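Engineer: Quick mapping for you: the protein sequence lines, in order, are chains V and X.
Counting in this note's numbering, the first sequence runs from 96 upward without gaps.
Counting in this note's numbering, the second sequence runs from 12 upward without gaps.
Please note: incorrect hints may appear among the correct ones.
BS3-like mimics (lysine-lysine), calculated; alpha carbons at most 27 Å apart, straight line [unchecked claim]:
#	chain 1	residue 1	chain 2	residue 2
1	V	K264	X	K68
2	X	K68	V	K247
3	V	K327	X	K68
4	V	K264	X	K53
5	X	K109	X	K53
6	X	K186	X	K108
7	V	K247	V	K264
8	V	K247	V	K327
9	V	K247	V	K157
10	X	K163	X	K174
11	X	K119	X	K109
12	X	K174	X	K119
No wet-lab data here; the hints were simulated from the structure.
This structure is a prediction, so every number in the text was calculated from the model and none was measured.
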Amino acid sequence: MSERNILEVSPPLADRYAVTDPALQSISVQINGDAWFLQTSPEFALKRLLSLGSGDIYSLSKAFRSDEFGRWHSPEFSMLEWYRCGFDHHDLMAEVEQLVRCCWPDAPAIEKLSHRELFADILGLDSLCASVTQLAEAARAQGYRAALELDKAWLLDLLWVLAIEPNIKDRAFFVYDFPIEQAALARSSMVYGIPRAHRFELVINGLELANGFWELTDPVEQERRFQEDNVKRSAMGLAEVQADPRLLDALRRGLPECSGVALGVDRLLALSVGVASLAELMPFAD
Amino acid sequence: MANYSTNEFRPGLKVMLDGEPCSILDNEFVKPGKGQAFNRVKLRNLSSGRVWERTFKSGESLEGADVMDYTMEYLYTDGEFYYFMDPNTFEQHQADKKAVGDTYLWLKEQDSCEVTLYNGTPLSVTPANFVELEIVETDPGLKGDTAQGGSKPARLTTGAVVKVPLFITQGEVIKVDTRSGEYVARASKS
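Pulled out of the complex, with its shape left as it was, chain V reads as follows (with noise of 0.2 Å):
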């Protein structure tokens, strides 16, 4: 990082603001009275910063994610966050390939294709063009006998852990440009007439080990997204969540073009000295 003249930074851990994401559920802990929530990522202090003019900073600090627990799952786990000004997620994605290997040399050769090759690839879906009702069919043809939400994002999520990963054993690929269903905090743009949300994630051996944005940078699409996120937490019977209001400010003020990334340290680390769970690795794991 220092080679590179990115800036440490230091999140704080505990915050007044839950996140949205109605997949994440923050841990929340009594402050004076009140109700704070551990971070579930850094994300949203760092981006504060970075409209402040910060510059490129990182940060490798605690993340808490509750009802999370597995052999690749565990609440508090270590995050490591870095965002670079200037950059697009081609960009960075050479950059957190430069840091696995930096950190593990013997790591296998690193594939890189897109969301829609992948999926086109395993079960001869058009990931980004698929209807909800082709999902649905293929997730049946998987073996899946339960009740199935008619959602493309969940069936895409449902689509991966009965199909894709099962079969990603022995790759090693970055995957870029998900479905907008899929784009989180990552900027979308139509590429050929079809909308593609900007957004790489790093897989291998079946484990995803970053996920990382070229960033949204406008305040009312964020906004917009927020919202979409509490009616599908009402939805999914979960409790709204207060948006942030510092990162809608951010926004407001200006984020600089960027993109970023997050990284989870303990799996890298895992699979680099060849354990095959958290726990082997984690000394105070539960």
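Here the structure of chain V is known, so what remains is to put chain X in place on it, guided by the hints.
Structural biologist: Quick look at chain X alone, frame taken from chain V:
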């Protein structure tokens, strides 16, 4: 029966799936890119013995199965059913051929077995790891005859056929490992 949700699934938990009692073998939590969480679960169908793999939404629940294992004493068979007794309650249970399966090869009267009851009825029977049975038929085994690598077949009282060393004779009681069907040693002197 109580319902169990995916985060309560542990190896050994007995649940109902598609109307059949199953035992959970493995439960893997998977969550693609900050999306919906799922559990990839491996189960053994206790009726058929086959292993199923199913993916569930995290938080989904299954009905518990009334499946319990009991140590019981094998009493006898009338050719159609096999009778076991719970030494604590003195209750007798009859198990059909399907429930007993291959275990009939290792059943000796008064020996203890694991009987799995499903809704109170024997679903399967597992013998103890080792059983001592008498040889009812085997060749004398001439010294120096190593054509089969120093062993010969012997039929036991139950009908099981086991390979034994040449020096073992008809009428002897031997100890057999029920999991591999292999001769272990001569029976311990009682």
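Engineer: Could you check the structure against the hints above and give me the numbers of any it violates, in ascending order?
Structural biologist: 9
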